[in-house]
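Asker: Spelled out from the first residue to the last, the chains are:
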Amino acid sequence: MKSTDKLILDGAQLSIHGVLETDDTDSLREFLEKNKAVFFDAGKLSLDFSDSPGIDSVPGEILYQFCRQLARAGVKITRIGASKSIDTLFASFKKHESASSLKKRRIGIHEHFEDLGEGVYTFLKTLSGLWFFVGETLNAFIGMILHPLKIRWPMVFYYMEETGVKAIPIIATLTLLLGTVLGYQSGFQMRIFGAENFMPALLAYSITWEIGPMLAAVLVAGRSGSAFAAEIGTMQVRQEVDALRVMGFDTFSYLVTPKMIALLCVMPFLVLLANCSGIFGGLLAGILFLDLPASTFISELGKALIPLDIIWGMIKSVIYAVIIANVGCFMGIRVRGGASAVGKATTAAVVLSIFLVILADALMSLLFVHIRPGLSM
Amino acid sequence: MNMILQVEHLRGGWDKQLVLDDVNLQVKRGEVLVIVGRSGCGKSTLMQHMLGLLKPWSGKILFNGRNIWESPQALQESRRRWGVLFQSGALLGNLTLLENVMLPLKEYTDISRSDMALVAYSKLETVDLADFADSNPLEVSGGMQKRAGLARAMALDPEVLFFDEPSAGLDPVTSSNLDSLIKSINKSLGTTVVIVTHELASIFAISDRVVMLDGEEHGIIAEGTAMELKENSTDSRVRAFFGRDEFTEKKEE
Ligand SMILES: Nc1ncnc2c1ncn2[C@@H]1O[C@H](COP(=O)(O)OP(=O)(O)OP(=O)(O)O)[C@@H](O)[C@H]1O
Ligand SMILES: [Mg+2]
Chain F
1 MKSTDKLILD GAQLSIHGVL ETDDTDSLRE FLEKNKAVFF DAGKLSLDFS
51 DSPGIDSVPG EILYQFCRQL ARAGVKITRI GASKSIDTLF ASFKKHESAS
101 SLKKRRIGIH EHFEDLGEGV YTFLKTLSGL WFFVGETLNA FIGMILHPLK
151 IRWPMVFYYM EETGVKAIPI IATLTLLLGT VLGYQSGFQM RIFGAENFMP
201 ALLAYSITWE IGPMLAAVLV AGRSGSAFAA EIGTMQVRQE VDALRVMGFD
251 TFSYLVTPKM IALLCVMPFL VLLANCSGIF GGLLAGILFL DLPASTFISE
301 LGKALIPLDI IWGMIKSVIY AVIIANVGCF MGIRVRGGAS AVGKATTAAV
351 VLSIFLVILA DALMSLLFVH IRPGLSM
Chain L
378 MNMILQVEHL RGGWDKQLVL DDVNLQVKRG EVLVIVGRSG CGKSTLMQHM
428 LGLLKPWSGK ILFNGRNIWE SPQALQESRR RWGVLFQSGA LLGNLTLLEN
478 VMLPLKEYTD ISRSDMALVA YSKLETVDLA DFADSNPLEV SGGMQKRAGL
528 ARAMALDPEV LFFDEPSAGL DPVTSSNLDS LIKSINKSLG TTVVIVTHEL
578 ASIFAISDRV VMLDGEEHGI IAEGTAMELK ENSTDSRVRA FFGRDEFTEK
628 KEE
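Chains as they are written, first to last, in this note's numbering: chain F, 1 to 377; chain L, 378 to 630.
Covered, in the sense of this in silico footprint (three residues per stretch, anywhere, with C-beta under 8 Å from a C-beta of chain L), are these stretches of chain F:
1. 230–242
2. 245–251
Distance ranges between label pairs, derived from CB positions:
3. L:Lys432 <-> F:Lys150: 22 to 32 Å
4. L:Arg415 <-> F:Val19: 35 to 45 Å
5. F:Thr126 <-> L:Arg415: 32 to 42 Å
6. F:Asn139 <-> L:Lys432: 11 to 21 Å
7. F:Val19 <-> L:Lys560: 53 to 63 Å
8. L:Arg458 <-> F:Thr126: 32 to 42 Å
9. F:Lys150 <-> L:Ser491: 20 to 30 Å
10. F:Lys150 <-> L:Arg458: 21 to 31 Å
11. F:Pro53 <-> L:Glu593: 37 to 47 Å
12. F:Ile315 <-> L:Arg415: 54 to 64 Å
13. L:Glu593 <-> F:Ile168: 51 to 61 Å
14. F:Gly81 <-> L:Gln394: 42 to 52 Å
15. F:Leu146 <-> L:Asp548: 50 to 60 Å
16. F:Lys150 <-> L:Glu385: 28 to 38 Å
To be clear, the hints were calculated from the coordinates, so they are not data collected in a lab. Beta carbons: idealized from backbone N, C-alpha and C, even for Gly.
Looking at chain F on its own, in the form it has when it is part of the complex (with noise of 0.2 Å):
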C-alpha cells in the first residue's frame, strides 16, 4: 500500500513522513480504521509530523475528524513537531466546525417545530401580503371600471390572447381526454346494474360541477398565473418597474389590472370550453365503449343538466381568475433580488394559487351544495 510508506505505527505513535495528498485519502482512512483500537486500548495517541511538511486538506480533514472521535471517547491526542502550515490547517478545521456543529444541533426534535413554526409564520405573511395586495387591485380595478377609457386595452386584449386563445387546444384537450376516461370508467361500473343511462348525469355533474373548473384554472395557472410572476418578477430585478413609477406609471394599472382583466374575461370562456369538450368526451365514451347511443345520452343530458349547473362553473371561473391572476401578479411584484428570485416566484405563484385555487373550490361546494336541487338530500 502506498500510504503505509508514509504512515508508520509504533505503539501509540503515528509518524508521518512527507506529504499526505489528496490520493493518499482512502488508504489513510482505512488505515485509521484498522487501527483504532490500538489508540483505544492505549487510551493516547500521539501524532508525529516532525517529518511531515504539510497535508492536503482532504486527509487533514479525515485525519482530524479521527482525532475528535478519539478525544470524545476518551484518547488523550498530543501533536508532536507540527509545522506552522498543518497547525494552520487543523485551525481552520476547528473553526469551521464550530460553523458546522451549529447547523448540526439543528436537528434535534424542537428545531423541526421551529422550522415548522416559521414556515407557518412566512406563509401566514404571504397570505396577509397577498390579502393587502388583492385590497389594492380591487382598489384599482373599481378606478377603472368607472373610468373605462383609461383601461390599457392593447395590453387587455394581448393578454387574453395569450391566457385565453392560447390555452384553448390544450384545454380542450385534457378535458376531452379526461371526460373519456371519467364516462368510460363510471359507465363500465354503473352498467354491473345495469344503470349505465344514468352515466350522462353523473359525468354532466361532476363535470359542470367540479372537474370543469378546476382543471381549466390549473391549466391556467400553470399556464398564465407563471407566466404573470415571471413577467412582473423580470420587470422588478431589471428595475424596470421602478423606472415605470418614477416615469409617473401606477403599476397597478401597468402591470396588473390588464392581466386581471384579460382573465376574468376568458376564463369563463374557458370554464365553458371545459364543460363542453369534458361532456363530449362522456359521449364519445358511450358510443365507442358503452353501446350507449348519441341521442341516449343526449336526451338523458337534457333531464339531468339544468342551467345553473353552467352558470355555476361560469361563478366559479370569476373567483379563480382572480385568484391566479391577483398570486401571479403578487408573486411577481415581491420580487426582490436576482434571476434566481424569479424562478422562486414562478413556483410559488404556481403552487399559491393551485391551493387557493383548491381551498375555495372546498368551500363553495360546502356552502353551496344545495343551491343545486336535485343534489341534496
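Given the coordinates of chain F, work out where chain L with the ligands should sit on it, guided by the hints.
Answerer: Below, chain L with the ligands without anything else, positioned relative to chain F:
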C-alpha cells in the same frame, strides 16, 4: 431658489433594515453632485428615497422647496421634472427603443403620437442611437441600453437627472463617452445631475461636489469637491477611497 433638492433628517431603509439615519443633503441648482461610498453603504437606497420610490421612515425630501410626500400630486408633479437612468438601463423589453423613449411623453403629455415619435427620435439622436430606434432593447449592447435609458430620462427635459452607476459594466472608453455626454447635458441645458458612481476618473471629470456615505455611520461622512477630499481629508475612509489611484501609480513606478 438656489437649492433644487433638499434631504432633511432623512431616516430610512428597507422593511426593517435601517440604512440611512439623519442624513442631510442639499443639491444646488445646476451642479453635478456625485455620491460615493463602499458597496452596500446605501447609495442606491438614498437615491430610491430621493426618487420617492421608498418612503422615508422620518424626515423630508424637498424638491423646489416642496415636500414630495406632501400629497400624491406633489410626488407626481416632482417626478415629471426628473429623469432617471437606472443601473441596468431599465428599458422595457417588450417595446422598441423609440417606444421606450416615448413612454414618459405618453404618461405626462397630451401631444399626438406622431409628435411624440418626433420628440423621442430627436432624443435618440442626441445620444447617437437614431439608427437603432426600432431595435429591441435586448438586441443592443449594454452601453447602447444605457444611452437609450438616458434618452428616455431626458424625454421631458427634466430639471434633475439621476444616475445610478452609469459606468457599471461599461468599458473605460464607452464610460468616459457617457461621462462627457452627461457633462455636456449639464453644461448646455443647465440640468442638475445627481450621480452614484465608483469611478474615480468620472468623479474627477464631471463632479462639482462629492459626498461620501458610510454604511456603519448610516450617513454622510465627508463632503466637498473631489480635489478637496483627495488632498485635505483626514478621515481614513475618505483617504482610502481617493488614495486608490496614488496606490496604483506607486506600484507602476
Ligand atoms: N431591494 C432591496 N430590498 C431590501 N434590502 C435592500 C434592497 N436593496 C438594498 N438593500 C439593502 O440596503 C443596504 C444598502 O444597499 P444599497 O443598494 O443602497 O447599497 P449601494 O451603496 O448602492 O451598494 P452598491 O455600490 O453595491 O450598489 C444593503 O444592506 C442592502 O442589503
Ligand atoms: Mg447600488
